[in-house]
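Participant: Fit chain B to the known structure of chain A by using the hints.
Number of protein chains: 2
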Amino acid sequence: MDYKLVVAVREDLDMSKGKMAVQVAHAAVISAMNCKRKNAKWFRNWYDEGQKKVVVRTEDVAGLHELSEEAEKLGISTATIDDAGLTELPPGTTTCLGIGPAPNSIIDQVTGKLKLW
Amino acid sequence: MDYKLVVAVREDLDMSKGKMAVQVAHAAVISAMNCKRKNAKWFRNWYDEGQKKVVVRTEDVAGLHELSEEAEKLGISTATIDDAGLTELPPGTTTCLGIGPAPNSIIDQVTGKLKLW
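Protein sequence lines correspond, in order, to chains A and B. If you're matching positions, the first sequence starts at 0 in numbering that gives the first Met the number 0 and goes up one per residue. If you're matching positions, the second sequence starts at 0 in numbering that gives the first Met the number 0 and goes up one per residue.
Short derived list, chain B residues pointing at chain A, Cβ under 7 angstroms:
| id | residue |
| --- | --- |
| 1 | Ala20 |
| 2 | Val21 |
| 3 | Ala24 |
| 4 | Val28 |
FYI, nobody ran anything at the bench for these hints, they're computed from the structure. The C-beta atom is built at its ideal place from N, Cα and C for all residues, glycine as well.
Okay, chain A solo, but in the shape it has when bound (with noise of 0.2 angstroms):
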């Protein structure tokens, strides 16, 4: 597969399974959609050949605002989740952030060095 989209989730929180799960799927779903708007080869390339998503770590927050500064710079789609906060965090946390659907060879650019969960 050519495309990918990472999501990469803080590791300071500690999160649940369950809450991990959804938080990637906003992520997910939100930069799917803003890359169809933006660049829609790209979103159907990757839509088509299978949607390959990986989930990277970062440390903490200013993690996140590092890879969604590199990626944009990289004409590459993003979404910053800010959890609603009725569970397990305080309100308007920020968890995770989709990056992508990209090209590997682009992507791998902004989070081909970050460990796997």
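Facilitator: Chain B only, in chain A's frame:
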């Protein structure tokens, strides 16, 4: 919020945090896109009001098939996710089911009694 998207995940597979997050994200993106084509109004209302997502438990794959049939009878979009099986699971393992988005009053008829993750 009047709409939600529910993802039912098999308890018997004991997936890791990262694995489960990716499977739930697959289900959310595909079920949402199916709804967008099939019932654009439900998709738009759900998207604009904040895209509520809930992750619930099912015992096994038979449970997912039952939920899928019930949802389809009520006109709710679904997405059954089979894992490519490159890491934790045998190839083709059905991991989870995306249901909706749909109005709460309709989707609760299918998923209202399931336990949260």
